[in-house]
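2 protein chains.
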Amino acid sequence: MVTQARIPETGKARVVIVGGGFGGLELAKVLCPAEVQVVLIDKHNFHTFQPLLYQVSTAGLEADSIIYPFRKIFEEQKNFYFRLAEVQGVDTTNQEVETSIGLMRYDYLVIATGATTNFYGNEQIEANAIAIKSIEDAVTLRNTVLSNFEKALQLDDEEQINSLMDFVIVGGGPTGVEIAGALSELRRHVFPCDYKELDFKQMDIHLIQSGPGLLKGMSDEAGKKAQEYLETFGVNVMLNRRVVSYDGYTVTLNTGEKLITRTLIWAAGVAGAPVAGIRPESILKGGRLLVDRYNKVAGYENIFAIGDVAAMVTESDPHGHPMMAQPAIQQGKLLGKNILRMLDGKSLEAYVYSDKGSMATIGRNHAVADLRLLHKDYKTQGFFAWLIWMFIHLMSLVGFQNRLFVLLHWVRSYFSYDKGIRFILGQKKENIPVEATVDHKSIT
Amino acid sequence: MVTQARIPETGKARVVIVGGGFGGLELAKVLCPAEVQVVLIDKHNFHTFQPLLYQVSTAGLEADSIIYPFRKIFEEQKNFYFRLAEVQGVDTTNQEVETSIGLMRYDYLVIATGATTNFYGNEQIEANAIAIKSIEDAVTLRNTVLSNFEKALQLDDEEQINSLMDFVIVGGGPTGVEIAGALSELRRHVFPCDYKELDFKQMDIHLIQSGPGLLKGMSDEAGKKAQEYLETFGVNVMLNRRVVSYDGYTVTLNTGEKLITRTLIWAAGVAGAPVAGIRPESILKGGRLLVDRYNKVAGYENIFAIGDVAAMVTESDPHGHPMMAQPAIQQGKLLGKNILRMLDGKSLEAYVYSDKGSMATIGRNHAVADLRLLHKDYKTQGFFAWLIWMFIHLMSLVGFQNRLFVLLHWVRSYFSYDKGIRFILGQKKENIPVEATVDHKSIT
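These protein sequences, in sequence, are chains H and V. Going by my numbering, the first residue of the first sequence is number -5, and it counts up by one from there. Going by my numbering, the first residue of the second sequence is number -5, and it counts up by one from there.
In case anyone wonders, no lab produced these hints; they're calculated from the structure. Incorrect hints may have been included.
Note: identical chains are not told apart, hence a pair may lie in one copy or across any two.
Derived pair list, reagent style BS3-like, types lysine-lysine, alpha-carbon separation capped at 25 Å [to be verified]:
| hint | residue 1 | residue 2 |
| --- | --- | --- |
| 1 | Lys195 | Lys350 |
| 2 | Lys37 | Lys290 |
| 3 | Lys423 | Lys66 |
| 4 | Lys422 | Lys127 |
| 5 | Lys350 | Lys327 |
| 6 | Lys66 | Lys195 |
| 7 | Lys72 | Lys190 |
| 8 | Lys340 | Lys290 |
| 9 | Lys340 | Lys218 |
| 10 | Lys37 | Lys423 |
| 11 | Lys210 | Lys423 |
| 12 | Lys422 | Lys37 |
| 13 | Lys350 | Lys252 |
Turn these sequences into a full structure, and let the hints steer you where they fit.
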């Protein structure tokens, strides 16, 4: 027997939004005054501010500071309904979403499922690496890093110790760069105080990038400067290399080079997370859904996709817009307005990407920023970029309390050179128990 | 092959402390100037401020605010070594502790393992109830409560809905009273905003106490007033009753009464957590170790026990001191001084319990306090007691940052009537899936 999800019928058109990331959140807010019923489905009961996940993963912020409960955000919005559920598919003929809590009828369906980590089909890497896409991932990385050092204290075999103390980050985009920078800060200022018995000269941080430079989507200046900063901080930046295998201990690169680490952080690619049941013709390579200028999924009249999962292929963006917060927010906002227009029988407004630029932070006082203000480009690197980075991220957080707490954490860390959240609490990743491999030597 | 835990030999006498609760922490601090090596073993890498666990379990505080990393606390203490490990036993003949990371030699062993939840041998209750002894327990309760309401939205069977919305708390000590009070606050101010589709008149909170009054260790006034406050807040206080069985759905009391709930919170008793290998003659009923006035475990010359796990049986305290923070802190401090004295060949000071009183909070503006200052007793209930309760708990937290963040959370909650930490993140308890029991009616 198939159950029906219980959602009150309000007699109004029902907009079902799958996913409460940047796009879904914005859309639900814009629909506040609309004569519709808004149903948001998410597998978490909170929104996650993804740009700061890397700080949670490196003990800089507590998980709770960058997440915010949906029910709290929409407390005052009368037409809003939240359901904690996983979406299993969509039956486009009967206009129903299949979820873990039953079938859910929709009039308009908006797919805002974002992106998942792309392992490019390498199941071995997928099984052994840590990705940073969810708050659980970030907490797992933090716990794993800290556990590694606790374990390293118990070993005297040099290679074994290095396998625990060395980190390999794959992917030279913002996430990879930011994690590498944060780990190098921990190595300089925090870990040596905590683990006086370990020699942190032995801790290596490798950043592997397939292309010839870091931060591909940004300017050459930004990429070069980011690399320079990272190298000053002692990160080993390895360009033009790809990981071909990782067994939980040995990383093999396409050049034949080998690295030893128990912790491979995979920030090398994302893929759209489409929903089963959408016709295959509308799903592009990379799992994104082909949408028109109104974010309508090709082949459907009442199914939309916004944000990372949507590929709006235009002449200027033949691969769709970058998979970042900005297009998601802008599309969420516009789609909300367009749904209001549809209900009023008005004509729709086409989406035009307004690129405000992008940035990445490398460590205290160091960031790179390519900004676009009033149709002019500004490129800046260093302390000023770092201040801008902090200001924008702080202001973008949902909720006054989160902003205040993040600010307090940052101010404290800045002056004390310390990171407070060094707890091993929750899940961690352990591919091969240390005990099992004390005699395992893999570099021959 | 049995491994040895790797701890540097410093040529000094080694004091191994098992457990970093209030007592262990205090002891390790006092030993800072001593010519000894201090080794602290704990299964967490952080100290937990147990008196505020109930606030984590009821979404009032984030877990990170009441825990603090040991390595940070002892950053400056040169003779201090921390090991993240579980203790499996002690070999008193060879003077070695058996741990998850190998054998560890000791000159002095201090057992400060605290207490575990006492289910009085009822395995069915142990399997199905939630206890509140660790930070993981507290997070589990929070996640379970919030998940319950998410699930209740999907049901239309009245009994099923009640099984999710009703809570039974067993044990009328401070923990039981505080959880009942906090849940009643959430019912009044928070949940109805979050779950507008549910009728919170249906949410029942039952507090079951085996004795004739609440807060047994405190004054009659305190117990009576606590009950009065709880009843005003709509908690159903059931005295002179014991739970005889709980299958994850139906609670059966010794009176034959039955209650339906999927969430039984067990705060009905604690037992000492002794270490295997200690001679049975020294282990009293309730798992506590018999110690003399110097906290030396009966039958040993170099093994000590402090805090909840120690029973110092005296004429005035025939069952040992109360299992609370104060005796633990005082004994930890004194034992540290006594170890210093032993090393100097001086005579030892006997422990005398200095009872400073106890208190419990019931909800905003309401607490009860029995205080003892300068050998005089002061009893107070209501707003003033609540202020004292907040001040003392705030000041007792480890770390300026935790104090500041807890204060900010409290100030915010107080003025907004809101609790911020409504995240379902991490493990939760689900005895019987809702789907499996839609037709299950257990009250006949």
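Comparing the hints with the structure gives:
no., hint, in the structure
1, Lys195 / Lys350, "neither (40 Å within a copy, 49 Å between copies)"
2, Lys37 / Lys290, "within (24 Å within a copy, 53 Å between copies)"
3, Lys423 / Lys66, "between (32 Å within a copy, 24 Å between copies)"
4, Lys422 / Lys127, "both (15 Å within a copy, 22 Å between copies)"
5, Lys350 / Lys327, "within (16 Å within a copy, 59 Å between copies)"
6, Lys66 / Lys195, "between (46 Å within a copy, 21 Å between copies)"
7, Lys72 / Lys190, "between (56 Å within a copy, 10 Å between copies)"
8, Lys340 / Lys290, "within (16 Å within a copy, 84 Å between copies)"
9, Lys340 / Lys218, "neither (48 Å within a copy, 67 Å between copies)"
10, Lys37 / Lys423, "both (22 Å within a copy, 17 Å between copies)"
11, Lys210 / Lys423, "neither (29 Å within a copy, 44 Å between copies)"
12, Lys422 / Lys37, "both (21 Å within a copy, 15 Å between copies)"
13, Lys350 / Lys252, "neither (40 Å within a copy, 62 Å between copies)"
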